[in-house]
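**Student:** Each chain, letter by letter, is given below.
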Amino acid sequence: MHVVVCIKHILDPEMPPASFRIAEDGRSPVEAGLPRAIGPFDQNALEVALKLKDARPETTVTVLTAGPAEANEALRKALALNADRAVRVDLERLPGPDSATVAALLAAAIRRLEPAPDLVLVGRQSGDWDQGVVGPVLAEKLGAAIVGLGYAAEPADGGVIITRQVDDGIEKVRPKRAAVVTVTNHESNVLRLPKLKDVVAAHRKPIDVIPAAELGVPLDEPLVEAVSLSIPQREAHCEFLEGEPEEMAAALAERIRRWLSA
Amino acid sequence: MPDVYVLIFAPGGAAARAALEPLGAGRALAEGLGGKLAGVVVGAGAEEVAAEARRRADAVIHVTGDHLRAYEADAFTAAAEHALKGRDAAAVLTLADAVGREVAPRLAARLGGSPLTEVSGAQVEDGRPVFTRPVFGGKAVAKLVGRRAPVVVTVKAGAFEAPAESGAEAPLETIQAPAVEPAVEVLAREAAPAAGVPLDAAPVVVSGGRGVGGPEPFQKELKELAEALGGAVGASLAAVDAGWVPQSYQVGQTGTAVAPTVYIAVGISGASQHLAGISGAKHVVAINKDKDAPIFRVAEVGLVGEWKPIVDALIRAVKAGK
Ligand SMILES: Cc1cc2nc3c(=O)[nH]c(=O)nc-3n(C[C@H](O)[C@H](O)[C@H](O)COP(=O)(O)OP(=O)(O)OC[C@H]3O[C@@H](n4cnc5c(N)ncnc54)[C@H](O)[C@@H]3O)c2cc1C
Chain A
1 MHVVVCIKHI
11 LDPEMPPASF
21 RIAEDGRSPV
31 EAGLPRAIGP
41 FDQNALEVAL
51 KLKDARPETT
61 VTVLTAGPAE
71 ANEALRKALA
81 LNADRAVRVD
91 LERLPGPDSA
101 TVAALLAAAI
111 RRLEPAPDLV
121 LVGRQSGDWD
131 QGVVGPVLAE
141 KLGAAIVGLG
151 YAAEPADGGV
161 IITRQVDDGI
171 EKVRPKRAAV
181 VTVTNHESNV
191 LRLPKLKDVV
201 AAHRKPIDVI
211 PAAELGVPLD
221 EPLVEAVSLS
231 IPQREAHCEF
241 LEGEPEEMAA
251 ALAERIRRWL
261 SA
Chain B
1 MPDVYVLIFA
11 PGGAAARAAL
21 EPLGAGRALA
31 EGLGGKLAGV
41 VVGAGAEEVA
51 AEARRRADAV
61 IHVTGDHLRA
71 YEADAFTAAA
81 EHALKGRDAA
91 AVLTLADAVG
101 REVAPRLAAR
111 LGGSPLTEVS
121 GAQVEDGRPV
131 FTRPVFGGKA
141 VAKLVGRRAP
151 VVVTVKAGAF
161 EAPAESGAEA
171 PLETIQAPAV
181 EPAVEVLARE
191 AAPAAGVPLD
201 AAPVVVSGGR
211 GVGGPEPFQK
221 ELKELAEALG
231 GAVGASLAAV
241 DAGWVPQSYQ
251 VGQTGTAVAP
261 TVYIAVGISG
271 ASQHLAGISG
281 AKHVVAINKD
291 KDAPIFRVAE
301 VGLVGEWKPI
311 VDALIRAVKA
321 GK
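Here the protein sequences come in this chain order: A and B.
With our numbering, letter number 179 in the first sequence gets 179, and the count goes up by one each step, no holes.
With our numbering, letter number 286 in the second sequence gets 286, and the count goes up by one each step, no holes.
The following block holds chain A by itself, in its conformation from the complex (with noise of 0.2 Å):
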């Protein structure tokens, strides 16, 4: 089998709100200097597949991204936890919220790789713009099944069986051709840690590069665009409360009375 994740290297989602600042632009963030992560539901994506491959060790993992050489790192954290191949679509800054162009281009790229993946997992948002829609649309050009907030997978004669999370509980699902599935975080996804021998040699591990312009999708006509990009203000007005555990769980208490009957 082979299973395709998307992964994208996106500013740390962990960093404190004083660290994100706008650029002059007013509609983009400033990167310079910030730390990246893998999305982190990319990351869960990226358990899933490596989970089928430790059940089927004959599974082939490629793990595809889009973005500048930085993202580069993403793919070789993949590599590093036994991804088989990386793959990144050259392009010298991703568009911001149009993640149907980005689509567009992974979808390009997911057709030229061989033999064509029978799954296709990407993170349900990436964690960053967060607009959930690389998964849906890729389906769309792939002419792929898709499954939205799949957890785990399970190989299964010959096809794989997703469990997802739907609206009331969570259900078993075939999908009936290749799929695309959007991947929800879950305690069986959290992505594994690397061995230090396997970080030094996803170092001389080959990426594949293709250049965005080769791909035939056009990039200077965004479906989406960031008119502007604003901080919200919170004002702080919290009022600690004093003294031993008995006598501010007290004053608590109390307090939430009033809340309750007001």
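For the record, the hints were derived by calculation from the structure and aren't laboratory data.
Any given hint could turn out to be false.
[Unchecked claim] Here chain A is said to cover these stretches of chain B; the calculated rule only asks that three of the stretch's residues, wherever they fall, bring their Cβ under 8 Å from a Cβ of chain A:
| no. | stretch |
| --- | --- |
| 1 | 107-116 |
| 2 | 131-141 |
| 3 | 146-160 |
| 4 | 299-306 |
Keep in mind the model is a prediction, meaning the values are calculated, not measured.
C-beta atoms are modelled at their ideal positions from N, C-alpha and C, and glycine is treated no differently.
Could you slot chain B with the ligand onto chain A? The hints should help.
**Tutor:** This is chain B with the ligand only, laid out in the frame that chain A set:
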């Protein structure tokens, strides 16, 4: 005419509780654009839902067919496309739930339009629809536009109110959706274990984070406190990822958005993505050993210290005061 369409998914006749809310956003846009507001109800047996929509929109299209009894992504996407193809839509809105998230971006691709998601604001500026939503985990708010019509937009639950009934009944057009071969086979379905009070309707939510240190407090102290207050237990993503509670407990941007009278955060740092889920809470209480934790910037009352002695004392104080 640049019209605004609101998709209301009602597989087998049942729509989500918030499914009519995007009509509120749609009404504002239709007025700003000088067009009409139409509801598109997708689902077999959804006559009641269509009737609800007719009292709130200027026109309603009901797309039906035997294969629209249960939700299936390809079938519902094709049905929506069938209803909208060839209509002059400036914007198509739908609720950002599991169905909307799957269908809307694909529909945008099929209609040659622009996908936008999880918006919490919509207005017309310079003759075009402009949408606002939090980005970067709530660290910023973006104003976004789609460059190619229609913009196909998912609307965050709770961001808009469904419009009041107009007193009139809009015209109804019923159309049959083409049958579509399902792309996935559903093998099994398991309802979420019924918790006491549902998170999104609880008057009090007691949430635990990484700081509570393990799964036990969710079964013991946090549960006991929530029960004493007639509320529900929630959790941060970190607690879910640790396997301490199922994902259904998660509060936040990618979990449940809660709107209780009282929200009590225990051992939760207050990451922006967590805070995105509690903006509807009236009174926020934080219990955390780090007095600089960001949660105290949104809390109304803060208790600094080890969570366990405080929560134990709080359970006693609440029970004593009954
Ligand atoms: C795209 C995206 C979506 C996300 N969606 C969500 C979401 O929906 N919900 C969500 O919650 N998170 C979400 N997150 C994750 C979020 O960024 C944080 O990582 C997460 O909320 C942290 O959980 P926490 O506060 O429990 O853990 P931590 O940040 O580790 O905080 C633990 C806190 O406990 C305190 N503490 C430790 N020990 C004690 C003690 N003994 N007594 C008292 N206090 C103690 C510490 O001082 C600390 O403040 C998302 C992230 C991304 C990128």
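**Student:** Determine for every hint whether it applies to the structure shown.
**Tutor:** Here is how each hint holds up against the structure:
1. 107-116: holds (count 7)
2. 131-141: The restraint on the stretch 131-141 of chain B holds, since 8 of its residues have a Cβ under 8 Å from chain A and three suffice.
3. 146-160: holds (count 3)
4. 299-306: Answer holds; 7 residues pass the 8 Å Cβ test.
In this structure, every one of the numbered hints holds.
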